[in-house]
Amino acid sequence: MTTTPAIAARELTRTFGDFVAVDHISFDVQPGEVFGFLGANGAGKTTAIRMLTGLLAPTSGSATVAGYDISREGEDVKRSIGYMSQKFSLYEDLTVSENIRLYGGIYDLSSGEIADRMRRILTRLGLEHAARSLVRDIPLGWKQKLAFSVALLHEPRVVFLDEPTSGVDPITRRQFWELIYETARGGTTVLVTTHYMDEAEYCDRISIMVAGRIAAIGTPAELKANAGVASIDELFVRLARPAASVA
Amino acid sequence: MKALRGLLRKESYHILRDRRTLTVIVVLPVLQVILFGFAIRTDVNDVRLAVVDPTPDYATIALRNRFDATGTFRTVAVLHRVDELSASFQTGAAQLAVVFEPRFAERLAHDGVARVQVITDATEPNTASARQSYAFAVIQDYERSVRAASNDVRIVPDGRLRFNPTRESSNLFVPGLMAMVLTIISALMTALSLTREKETGTMESLLVSPLRPVEIIVGKVAPYLLIGLLSVALILVEARFVFNVPMRGSIVLLVGEALLFILVSLSIGILVSARTSSQRVAMLIALVGTMLPNQLLSGFVFPVESLPRALQILSNVVPARWFVLIARGIMLKGVGLAYLWRETLILAGMALLLLALSARSFKVRLS
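Top line first, the protein sequences correspond to chains A and B.
Here the working numbering is used: the first residue of the first sequence is 1, the next is one more, and so on.
Here the working numbering is used: the first residue of the second sequence is 248, the next is one more, and so on.
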């Protein structure tokens, strides 16, 4: 069965002056896939995500997200995606329920829908008693799960997670990944960037970016077999090192 | 529309929950008015008096004693010639001089009229006029007591101000203060609240949402516009009822002009936030870039006419300068648009230009 890819990038490029941050990358992500976006700092991950989410215009090349062209149908793209930045995207001086209500309003949900989904989120995260607490006062792990749920509030078809698990303990990370799987099983496509190589193993497919290009793409098992390495960590170091010594 | 309402509510929460900043915003204007109001208070005491008495006689001695008896004036010098006075004024040894005309008592007795000049150091305009009227009162008091004895004599006091004869910038602090408070609330607070969203990463969430840029901007700045107008009202009420600063012109016009000035300041705040990504830098730029020029070059602290030529030219691009002129015109002179259209046009031009620039800076950030 062939379906429209959730994300399709074709020769996507972005330059800043002479510096080529993203260098003609092409890849597809299928609906319901958990796609890992790996790369060292400065490899171009964030620039690529910013182009796909409409925060940055591509210099050349094209891409579609949820079937919409990012250059010509930006409005439709924005309605179809969710986004969670490294910094959680929540307002610390608003309460949990105020944050949910705010984003519900921004995505034009009806009051009924907002109330309904708020109840669902609070129950699933076990945050019923914290609904009136300021986000500032809840633990980091809860903040991340809440931010993720808020990014999914309008039921987007594609969700972008930019290093969602940086700075939390391994148990919370594991719980967070369970949320990701649950989301993907519901048909939502997840594109996630990460620094943790063990997390890369959890993804359906991964791409490794080096110096603005995609150096490897495939399932974790395929990539390890092709390169004859035991772990993604080893592969990553092998791919990233030449670039580092050139730079 | 619902999204915008949500944004406005959210921004109000930010403002209301940040107790410290809220306190500053509300208390600052009130405090400033009181501070400035009392700083220019016209209490008269311990005035250093120089007396010029070419021909001392019973009348001049009697009047001089009256000055000493007030306890307010302290005679520091008794001179015989007027030209000896300059030195006392220049060194600040004397703050007020009483100059009798020659043969004072003789003229009073024969002509029924004698003249006395009261010269005041007017570098502090308000205190100067208070001191002068107090000196006049002492002279009139003496005149009355002489009249009670013999009929129909007049002592004609003649007031002169030294150093600042027109008393420019006296009692005019309220318009300048409004400009300053509006700058703090509109430019500084807007810049801070926008850069805070950049720092916390929430700006990105707003930008990837279907919100239009104009909705984001309006949602961010409208609450500050409202607070700005409220503090204008607060300052005006306080100035009127605590310090009796007049409101001679149209209050509607003044509020309209204040709105124009707020728009200018908000745009500056947006522009500052577009160039910076940390609240600390935004604060510095807003302070140095708007607060200082608005205070120093607007005629608030120093009259524009007394600035060096280069700074006078520079002051033309300071929005507060025009707003202060307009507000003074409306409040103190009671003039309307017929007289203030040029200043209003300049302010409106600045508002348009800065709004366009800030809208563009927001778009640039998107692409």
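Be aware that one or more of the hints could be misleading.
Said to hold, decoys possible - Distance condition first, Cα-Cα at most 27 Å in a straight line; then the derived DSSO-like pairs of lysine-lysine: (1) A:143 with B:249; (2) A:143 with B:580; (3) B:445 with B:580; (4) A:87 with B:580; (5) A:143 with A:224; (6) B:445 with A:224.
What the hints assert, rightly or not - Some chain B residues well away from chain A (every beta-carbon gap over 10 Å; in silico): (7) 339; (8) 401; (9) 449; (10) 457; (11) 551; (12) 554; (13) 556.
Source of the hints: derived by calculation from the structure; they are not laboratory data.
Virtual Cβ for every residue (Gly too), placed ideally from N, Cα, C.
* Asked: Are the Cα atoms of residue 445 of chain B and residue 580 of chain B separated by 27 Å or less?
  -> violated, 45 Å
* chain A versus residue 556 of chain B - minimum CB to CB distance exceeding 10 Å, so not interface -> holds, 42 Å
* Take a quick look at whether residue 143 of chain A and residue 249 of chain B sit within 27 Å of each other, Cα to Cα. => holds, 26 Å
* Asked: Far enough from chain A: is every CB of that chain over 10 Å from the CB of residue 554 of chain B?
  -> holds, 42 Å
* Between residue 143 of chain A and residue 580 of chain B, does the CA-CA distance stay at or below 27 Å? -> violated, 58 Å
* Least C-beta distance between residue 339 of chain B and chain A, which was stated to exceed 10 Å -> Holds, since 54 Å exceeds 10 Å.
* For the pair supplied as a hint, residue 143 of chain A and residue 224 of chain A, is the alpha-carbon distance within the 27 Å limit? -> violated, 34 Å
* Taking the closest pair, is the beta carbon of residue 457 of chain B still more than 10 Å from chain A? -> violated, 5 Å
* Is the nearest Cβ of chain A still more than 10 Å from the Cβ of residue 551 of chain B? -> holds, 42 Å
* **10 Å Cβ clearance of residue 449 of chain B from chain A** => violated, 6 Å
* Beyond 10 Å from every Cβ of chain A: is that where the Cβ of residue 401 of chain B lies? -> holds, 72 Å
* Given pair status - residue 224 of chain A, residue 445 of chain B, alpha carbons within 27 Å -> violated, 39 Å
Taken one by one, the earlier hints fail for this structure at numbers 2, 3, 4, 5, 6, 9 and 10, listed in ascending order.
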